[in-house]
Amino acid sequence: MKTAGIIIVLLAGALLLYATRDFPPWGALDSPASTHVSPRYLQKAMEETAVPNVVTAVLADYRGFDTMFETTVIFCAGIGCFILLRVFRQRPGDRYYRHIATEITLHIKGGRIPKKSSEFERIDALWTPYDLIIKTVCRILVPFIQLFALYVIAHGHHSPGGGFQGGVILGASVILLAISHNMRTAIDRFSEKTNNLLMAIGVFIYTGIGTVCILLGAGFLDYRSLSAVLFVDKIMARSHGIFGVEIGVGITVMAVMISIYNNLASAGKQDEGL
Amino acid sequence: MLNVIVIVLLISGLIFYTGAAVGILRLPDFYTRLHAAGKMDTLGSLLMVLGVALFNLHDFLWTQFISSLKIVLILLFLFILSPTATHGIVDAGVRAGLKPWTKEQKK
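Residue numbers (my numbering), protein chains in the order written: chain A, 752 to 1025; chain B, 7 to 113.
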């Protein structure tokens, strides 16, 4: 069985290698891609969309439908992880509480969950005291990371960046908080409910912009029709439409990153973990 | 004149990087290797990035000044973060129970 698998893989690989011989050489001037497709975008993208970064213009405007489903794929990945990993009914297992004043640790086995109080703090089973230096530096740094993420999303028109990259950086800032403090701190600030809602809201913003275009009498994701709502000319409407779409992508990517991390690190309990 | 300063900065940064590379390969255990990587990485990157920021100011324009400012900001964050990361890794090593190398131990 194993040899049969290897033979099939080798055959398929040889076929693929044989097929690549028919491709035009790398960067050939007479290949179909560089005779009319690339020059068209390179020459017209700026005057048609007012976006200097051609990659962003192609990604979010000319090929906007493709990017919409890329966002949906990420959303589905987040939902998939959520459904596979999340444990909904959990018995209250062993819990550890520490009396802050005396530093005595209580071990509670099962039973009712004690109320929150200011004298006790809940600690993880594999608890190690969090390092002051790392905690402080991460707390100072998180706002700067988030600011940079917003810059990457908003500056995608002019420089490399955009919704996907900015969303990942935004998600990383919250994950950094979970790593440097603990998971409960991060979930207290950014609850699971908000996060899962944001996952859907991002995709909703993207498709919503497309639907608004239909309602204004143009095709799906044809941003030119947005000029009637945004009070700008048709070219700038395309630019603003791309920006709106990028915001949707950023929100979804951020929420999915955080959701996948939380579910993996806490084995679906979203209770204690790294 | 500016070129000379930039070249001096870049070369001294490079010396620190070489030191770090040799240190990571030659030093006996986890902590000493991390010492080489952490300390020299901070100083090496500091000097090299400073050299790049200065070189960018070759023709003094407002836009060039802004991008130099951004490079200096990278430098600032690097200066805070690189030691913190090293500290975190060493802290994890101590907690995991890794004993530092002593002279009695053979390599």
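No lab work stands behind these hints: they were computed from the structure.
There may be inaccurate statements among the hints.
[Claimed, not checked] Sample of chain A residues with no beta-carbon within 10 Å of chain B, all distances over it, derived:
1. 764
2. 782
3. 834
4. 885
5. 895
6. 947
7. 984
[Unchecked claim] Using C-beta positions, here's what the derived DEER-type ranges look like:
8. B:58 x A:778: 27 to 33 Å
9. A:962 x B:37: 54 to 60 Å
10. B:21 x A:856: 37 to 43 Å
Because the structure is a prediction, the values reported are computed rather than measured.
Beta carbons: idealized from backbone N, C-alpha and C, even for Gly.
Checked hints:
A cut-off of 10 Å between C-beta atoms confirms that residue 764 of chain A is not in contact with chain B; the least separation is 37 Å. Every beta carbon of chain B lies more than 10 Å from that of residue 782 of chain A, the smallest distance being close to 36 Å; the non-interface claim holds. With a minimum CB-CB distance of about 33 Å to chain B, residue 834 of chain A clears the 10 Å threshold, and the non-interface call stands. Distance check for residue 885 of chain A against chain B: the nearest CB is about 5 Å away, which does not clear 10 Å, and the non-interface claim fails.
Not every Cβ of chain B is farther than 10 Å from the Cβ of residue 895 of chain A; the closest lies at roughly 7 Å, contradicting the non-interface assignment. The claim that residue 947 of chain A is not at the interface with chain B holds, since no C-beta of that chain comes within 10 Å of its own (minimum 30 Å). Under the 10 Å C-beta cut-off, the non-interface status given to residue 984 of chain A relative to chain B holds; the minimum distance is some 27 Å. With their beta carbons about 30 Å apart, residue 58 of chain B and residue 778 of chain A fall inside the hinted range of 27 to 33 Å.
Checked against the hint of 54 to 60 Å, the pair residue 962 of chain A and residue 37 of chain B passes, with Cβ atoms roughly 59 Å apart. Look at residue 21 of chain B against residue 856 of chain A: about 50 Å separates their beta carbons, and that is not inside 37 to 43 Å.
In terms of the numbered hints stated before, the structure departs from hints 4, 5 and 10, listed from lowest to highest.
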